[in-house]
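**Student:** This is what each chain is made of:
There are 2 protein chains.
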Amino acid sequence: MYMDRIRLKSLIGKIVSAEEAATHIHDGMTVGISGFTRAGDAKVVPLALARRAQEEAKPLKINLWTGASVGDEVDRILTEANVLARRLPFQAEPVLRKAINSGDVMFIDQHLSQTVEMIRSNQMGKIDVAIVEAVAITEEGGIVPTTSVGNSGTFAILADKVIVELNLAQPLDLEGMHDIYIPTRRPYREPVPVLRPQNRVGLPFIPIDPSKIAAIVITEKADNTSNVTAPDAETQTMADHIVDFFTHEMKHGRLTEKLMPLQSGIGSVANAVMHGLIKSPFHDLTMYSEVLQDSVFDLMDDGKMVFASGSSITLSPSKAQQFFQDIQKYKDKLILRPQEISNHPEVIRRLGLIAINTALEADIYGNINSTHVGGTHMMNGIGGSGDFARNSYMSIFVTKSLAKGGNISSIVPMVTHVDHTEHDVDILVTEQGLADLRGLAPRERANVIINNCVHPSYRELALDYFREACARGGQTPHVLEKAFSWHQNFKEHGSMKGAPVTQ
Amino acid sequence: MYMDRIRLKSLIGKIVSAEEAATHIHDGMTVGISGFTRAGDAKVVPLALARRAQEEAKPLKINLWTGASVGDEVDRILTEANVLARRLPFQAEPVLRKAINSGDVMFIDQHLSQTVEMIRSNQMGKIDVAIVEAVAITEEGGIVPTTSVGNSGTFAILADKVIVELNLAQPLDLEGMHDIYIPTRRPYREPVPVLRPQNRVGLPFIPIDPSKIAAIVITEKADNTSNVTAPDAETQTMADHIVDFFTHEMKHGRLTEKLMPLQSGIGSVANAVMHGLIKSPFHDLTMYSEVLQDSVFDLMDDGKMVFASGSSITLSPSKAQQFFQDIQKYKDKLILRPQEISNHPEVIRRLGLIAINTALEADIYGNINSTHVGGTHMMNGIGGSGDFARNSYMSIFVTKSLAKGGNISSIVPMVTHVDHTEHDVDILVTEQGLADLRGLAPRERANVIINNCVHPSYRELALDYFREACARGGQTPHVLEKAFSWHQNFKEHGSMKGAPVTQ
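Taken in order, these protein sequences are the chains called B and R. Heads up: the first sequence runs through residues 1 to 503, numbered per our numbering. Heads up: the second sequence runs through residues 1 to 503, numbered per our numbering.
No wet-lab data here; the hints were simulated from the structure. Quantities reported herein were computed from a predicted structural model and do not represent experimental measurements. Check the hints yourself; a few may be wrong.
If chains are identical, the list can't say which one is meant, so a pair holds when it fits in one copy or spans any two.
Capping the alpha-carbon separation at 25 Å, the derived lysine-lysine pairs in BS3-like fashion look like this [claimed, not checked]:
no.: 1; residue 1: Lys-126; residue 2: Lys-258
no.: 2; residue 1: Lys-98; residue 2: Lys-61
no.: 3; residue 1: Lys-400; residue 2: Lys-482
no.: 4; residue 1: Lys-126; residue 2: Lys-251
no.: 5; residue 1: Lys-497; residue 2: Lys-482
no.: 6; residue 1: Lys-161; residue 2: Lys-58
no.: 7; residue 1: Lys-58; residue 2: Lys-333
no.: 8; residue 1: Lys-404; residue 2: Lys-98
no.: 9; residue 1: Lys-212; residue 2: Lys-331
no.: 10; residue 1: Lys-333; residue 2: Lys-279
Just chain B, same shape as in the assembly (with noise of 0.2 Å):
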């Protein structure tokens, strides 16, 4: 029964099917929706569209912004239907990640802090509908979000039309977590209210004229569960490292048994990494992240993390069961923020995060690169990755040393593309150990880099490339045109070696 989450009366007329809602959706058109890491995604109505778009024989193009990755059907159905035109702030969807890369689809990489800015200030066009995943819509017209918060609020409150998915798979008990505050206006914008992880500074639903309620499509769709593998030896032992540096650190003083609040970017490696600090003296921690995954909460259950506040919740399916079965266990140890407030620099920096967050290669200088393969080829995005990065008070970067069965070393002589430059990586982990870079001169970086973290299958021909580089000179040596030597290999012979592991 929805009567109970819709309790501005005179907007049940509004229900309709996600076909008849998709109707105020036209060719050209910016849509804005809910969605961040799979969850709280508009999962009906952009379907009901795609199905359209193949029926029809006319063009239905459209330009689809959301938090980050919406749900897996949603990115899929819509590009094979070649429905999206342009696409932002992010995405992590193989059949749309081959439109992009094909130059079918447009994609803009942006740090998931700033989309909203730039759409604030009218920058990059306006939003024609916005459609958002709820609970509830409350007795003043405000939306109720289900499992994000994303950028939804700021779509919804400067979309023409908002059409609610109100998805009654999503429990009510959600209704109280989240806390919307959007900035005001620049220049005349106040400071952001947020001085700790547990504060809360807005309403608990999205304010907006309830007369902008176009539509409202009742649903029971599921959000997509997370796809992260279990910890293995490996991340076992990153983890390891890192909790033996945070220890070190706390015998010098610099960290507390409490350590700082927690960012840790989406992924299998970072959330293993967090999983490492069931087992470690530290306690009483905070997380002040963009995703809140699994490990969240089983650091919660273990009793060793007191709050979380993140703009999402993405969880594996056994995780998933748990959580909505305990909700009202969690439901004082957890805020969901709109992106931009999870992600802003002002908040990052004041708070002093320690930020962890994945690298797909790394440099022998500590430059990451976290979106394109082989240089060109996007993965997912560069997300919350930088607002994190450059802002907090310890930049931690991670990754295996070898992919592709050896084939591939992780850190090269220079990266083929830059997401994070050498001044926003403070330390930097692989399972072969851990390299503290701050306050280290490149030169000095590349020799901790080399020793600590290259796998030493790798680290001869790394520090050949080195040594050859440092005879030419220069802050940041280099042998130009030997730099993406590693990855000529890879693609002329399988191997960055040169010739392919046999394993």
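The hints should help you fit chain R onto chain B, whose structure is shown.
**Tutor:** Same frame as chain B, but now just chain R:
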């Protein structure tokens, strides 16, 4: 007479010669000195130290921390005396540059807002001695800086000992211009209360325990003046492009006639661009920048600019003379802040700055190299450009399209070093034209940059590269083995075209 400048009379006994003051500095120490873009730097004690190092047989190596660049003489003579082991966070002196690039001096190139965060959190070791140039010492023992604030506040507060260079050549009228606000420690930090460029939020002096003042040296040595060159036809054209663009933005309701608070990087090109605003329809301009150059005062004299906040004042000889003469006229229109505050991400994002910085080279996708010639050799450092470009309302980079008589194109297929990723570059300007990159995907960015900004003599070459790259596909298409071919051409044949240009 200097007695009116040392108002805490118990400190009179601390007056010593520069040589005697320098005896507080020993081998292995970390010394933090005042100075930002040649302004307000400690001048006589560092030189006395250099003399001692050259006279004594025993080793004398220090780590030298500053605000940004200091006077040429200081960096040059300390380098020649072989005193510098490590240097941060910025420099701009040829002899030191050579020592950095040869690996003799370890240079740590940092975002200028971040140095004191690292020191305050004890992540880079402690400061043994701070040397701060002052116009006066207050009754409380507070230090009144001269023409820059830079990192002097935190250096003096955290150092074991403080040496004051009381400079009688710096006018006492500077007193009252400074606004010393030091953020509290994390994680219990309050918002930085700067809401407008005009806001005063701190003290007019650096508050320290006066018992830490170990020596006072009286000096009359003037700041180095700046060596900005006058605007030329090309910089004037670049300024015109920017004024036209601002006018266009105003017509579309995205800017007002007051624009937004402006930031401008140091150097002739950025200075010339600011100069171009004199003959523009804009008025009541404000500045929230790091260094205040000639153009700021010209804009004030012309009634165009109403207020400027910075961390230093660096002027040409004639402008410096006029400024010191008319200082009362400017006094209520200027604030000098710690560089942590002038460059603070929190404040930059809150105010919504228009940031104008200079590129050494850019690539067809809009990534920027601000620092490394040929990808390896340090020029000056990233300075504050990252603080501003990342967090501004609008990030503009400027560069002339050609260098070395046309043998170098400033826009290349791939930059050899990345200081600013495409995410942080909204607008790219050369004398050829302006590329508005907001909301564009990389392939679209390349088209606009090649067509609008690349010099015609390189345009076909750039298009050839881009077409070949697109045929291989990707979000950011590249031909890796040719990505640096223009640089190789320049190295081998004296021109990026493969054969030198004859003019």
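**Student:** None of the hints should be skipped; say for each whether it holds.
**Tutor:** Quick rundown of the hints versus the structure:
{"no.": "1", "hint": "Lys-126 x Lys-258", "in the structure": "between (44 Å within a copy, 24 Å between copies)"}
{"no.": "2", "hint": "Lys-98 x Lys-61", "in the structure": "within (18 Å within a copy, 55 Å between copies)"}
{"no.": "3", "hint": "Lys-400 x Lys-482", "in the structure": "within (23 Å within a copy, 29 Å between copies)"}
{"no.": "4", "hint": "Lys-126 x Lys-251", "in the structure": "between (52 Å within a copy, 17 Å between copies)"}
{"no.": "5", "hint": "Lys-497 x Lys-482", "in the structure": "both (13 Å within a copy, 20 Å between copies)"}
{"no.": "6", "hint": "Lys-161 x Lys-58", "in the structure": "within (23 Å within a copy, 77 Å between copies)"}
{"no.": "7", "hint": "Lys-58 x Lys-333", "in the structure": "neither (50 Å within a copy, 60 Å between copies)"}
{"no.": "8", "hint": "Lys-404 x Lys-98", "in the structure": "within (20 Å within a copy, 41 Å between copies)"}
{"no.": "9", "hint": "Lys-212 x Lys-331", "in the structure": "neither (30 Å within a copy, 51 Å between copies)"}
{"no.": "10", "hint": "Lys-333 x Lys-279", "in the structure": "within (21 Å within a copy, 57 Å between copies)"}
Hint check: violations occur at hints 7 and 9; the rest are consistent with the structure.
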